[in-house]
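Protein chains: 2
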Amino acid sequence: MKRRQFIAALGAGAAAAAIAKPAIAQSMPELRWRLTASWPKSLDTLYGSCESFAKYVSDATDGKFQIQTFAAGEIVPGLQTLDAVQNGTVEMGHTAYYYYIGKDPTWALFCAVPFGLNTRQQNAWFYEGDGQKLMDEFGAKYNTYNLLMGNTGCQMGGWFNKEIKEPGDFSGLKMRIGGWAGKTLQKLGLIPQQLAAGDIYPALEKGTIDAAEWVGPYDDEKLGFYKVTKYYYYPGWWEGGTTNHLQINLAKWNSLPKNYQSVIRAAAGAVNVEQTARYDARNPQALKRLVAHGVQLRPFSMGVMEACLKASNEVNAETAATNPDYKKVLDSMQAYRNDEYLWWQVAEYSFDSFQIRSRTKG
Amino acid sequence: MKRRQFIAALGAGAAAAAIAKPAIAQSMPELRWRLTASWPKSLDTLYGSCESFAKYVSDATDGKFQIQTFAAGEIVPGLQTLDAVQNGTVEMGHTAYYYYIGKDPTWALFCAVPFGLNTRQQNAWFYEGDGQKLMDEFGAKYNTYNLLMGNTGCQMGGWFNKEIKEPGDFSGLKMRIGGWAGKTLQKLGLIPQQLAAGDIYPALEKGTIDAAEWVGPYDDEKLGFYKVTKYYYYPGWWEGGTTNHLQINLAKWNSLPKNYQSVIRAAAGAVNVEQTARYDARNPQALKRLVAHGVQLRPFSMGVMEACLKASNEVNAETAATNPDYKKVLDSMQAYRNDEYLWWQVAEYSFDSFQIRSRTKG
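Going line by line, the protein sequences match chains Y and A.
Quick note on our numbering: the first sequence kicks off at 1 and runs consecutively.
Quick note on our numbering: the second sequence kicks off at 1 and runs consecutively.
There's no promise every hint is true.
Any copy will do: because identical chains look the same in the list, a pair fits if it lies in one copy or spans two.
Unchecked claim - No farther apart than 27 Å at their CA atoms in a straight line, the calculated lysine-lysine pairs in the DSS-like style are these: (1) LYS361 <-> LYS187; (2) LYS327 <-> LYS174; (3) LYS187 <-> LYS206; (4) LYS252 <-> LYS55; (5) LYS327 <-> LYS310; (6) LYS103 <-> LYS64; (7) LYS361 <-> LYS222.
Hints are computed from structural coordinates only; laboratory data are not their basis.
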């Protein structure tokens, strides 16, 4: 080989290395992030969603992007994931945003509010309507980027030691109740308490609260409420399709290569539908077991529902009058809901009605 | 530079290439696959799901794994995606599996059958119940691996030029109807036709068929049926939650590195929920427009629904008696459905009932 050929050969090699190497370094960096959840490890539905997400991301990146998940209390308490993500203590969190109504009630609208959207409608509002756009704007004020990652389906109305037959029966009850529903029930004299999952059972047992709601049969059975209360009400009219979000520190999100962002989007989307499937799969069996334990199922009466709707409308009007973010997001969500139910009552609801009727006929 | 230095330099370059390249080659090979869909490009719901999926995969792999999507007829006709994937003409397909009841009616059970599962229940059966496992076993007989990738929600009952007031009104009608429902309606004298999307409107217009069903308001509006028929029935009791599948040639699936398999799983999962959101978002507006065009909405009467349920039970019993695969999958799906609706009627259905009632009260 002549010197000229050598230079050409070396040049080609060097050029190839120069092209290949930065591309790998940029697109597949080795990252180790931390995710702090609002949930105890015992809830394989909620905490399990965080684990599923971390596995998708690790597997899809050949182990290059590792996300370590932490239960409530391991890094920060369950109701402080937003603070931890906002200030960069961790890169990620997983929560139900109605825990943060103390900062701004607008948060609740992205998660669940009384008489809001059901699960599929919530997904439609975010993926196809203005939900994600509104959340991007609002979340940026808290230095966060957020993606849907889980939906519990419609929840139960909670556990009570006495029957709730009319609106006045809420009066004076101390109840653990998540998010914005507490504000609504205050109008009916209830005294709401916001407690993380692990703190509810001891409070019920000691009698420091009279009633509590968490999610539905499967989670509630795990938390043991049926051992200390008798009546289990439905529906959870304040949680028609409660949404969990993956919270990401905004600067950290923006620092990711595009391919990692895409992996996160796909993984969060997959976990979003898988979490709902997990609840839908496990709630029926849990409901049977609870009834076998002697739990008394009770529907809220139409009178109770109507009174709660009226109280909710009042809370929404009062809050929207002084909080422009709340008004903007509420208006979008309610207009969406009204159109959705126009369609829902046609095919979907008629089908479910017939299926339920046929099943109960045996 | 001396010859010795030259060799060393060249050797170092070659060695570096030799180390770096296999690692990349194993986990991030450059692949170009083809996906053939059962849909025309005009249906941005169904064909759009294929495009969304391909984009996720490309973005997540930094463009290394490219999937080119083809509409029905570009490579093979819309009702032949299974054949194309099975024999390796293409690596992937996207379809509704009830198109393949001619090969085996068991296929329909994974997609939609009369009085089957609704959308969320279908997801739960696949992700958490036995659905995916049963499909893995059955799909392998056709050299395929399959993942959920889209669900339309409950469909409409289709377009008719005369009113269907009692079961006898189906008799003698030539109707385009997808999948296994045709077999059920044959018991009531209907003459079913299986046509791909693009062939339905011309057949209706020419009068070679008397009635047709496709999906729901948004897709049906695009296909123009309202221009040539008058009555639009609901619910589509044969499509409570019609599932689309990503079909993958089994040998090709097994040849993929694990990280690409994980990217595909996550992307298909995300598209699964996004497709439902797309339908849920677009159907309400389309329904309003159709009604403004003068379309007459009609519910199937309880007498019609009961007669169809009876016919469906007969078809299931007859088929299960001679087809062990059908029996096995049917038994799993029906047991799942019965448990699901036990739970559904509690919180979820009560919530939707109240929301619909409140909306119509204004």
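So, going through the hints one by one against the coordinates:
1. Taking the closest pair of Cα atoms, LYS361 and LYS187 come within 27 Å of each other only across two copies (23 Å); inside a single copy the shortest separation is 40 Å, beyond that limit.
2. Within a single copy, LYS327 and LYS174 get their C-alpha atoms no closer than 29 Å, and across copies no closer than 52 Å, so neither meets the 27 Å cut-off.
3. Taking the shortest Cα distances, LYS187 and LYS206 sit within 27 Å of each other inside one copy (26 Å), while across copies they are farther apart (62 Å).
4. Taking the closest pair of Cα atoms, LYS252 and LYS55 come within 27 Å of each other both inside a single copy (20 Å) and across two copies (23 Å).
5. Within a single copy, LYS327 and LYS310 get their C-alpha atoms as close as 18 Å, which meets the 27 Å cut-off; across copies the closest is 50 Å, which misses it.
6. Within a single copy, LYS103 and LYS64 get their C-alpha atoms no closer than 36 Å, and across copies no closer than 44 Å, so neither meets the 27 Å cut-off.
7. Within a single copy, LYS361 and LYS222 get their C-alpha atoms no closer than 31 Å, and across copies no closer than 39 Å, so neither meets the 27 Å cut-off.
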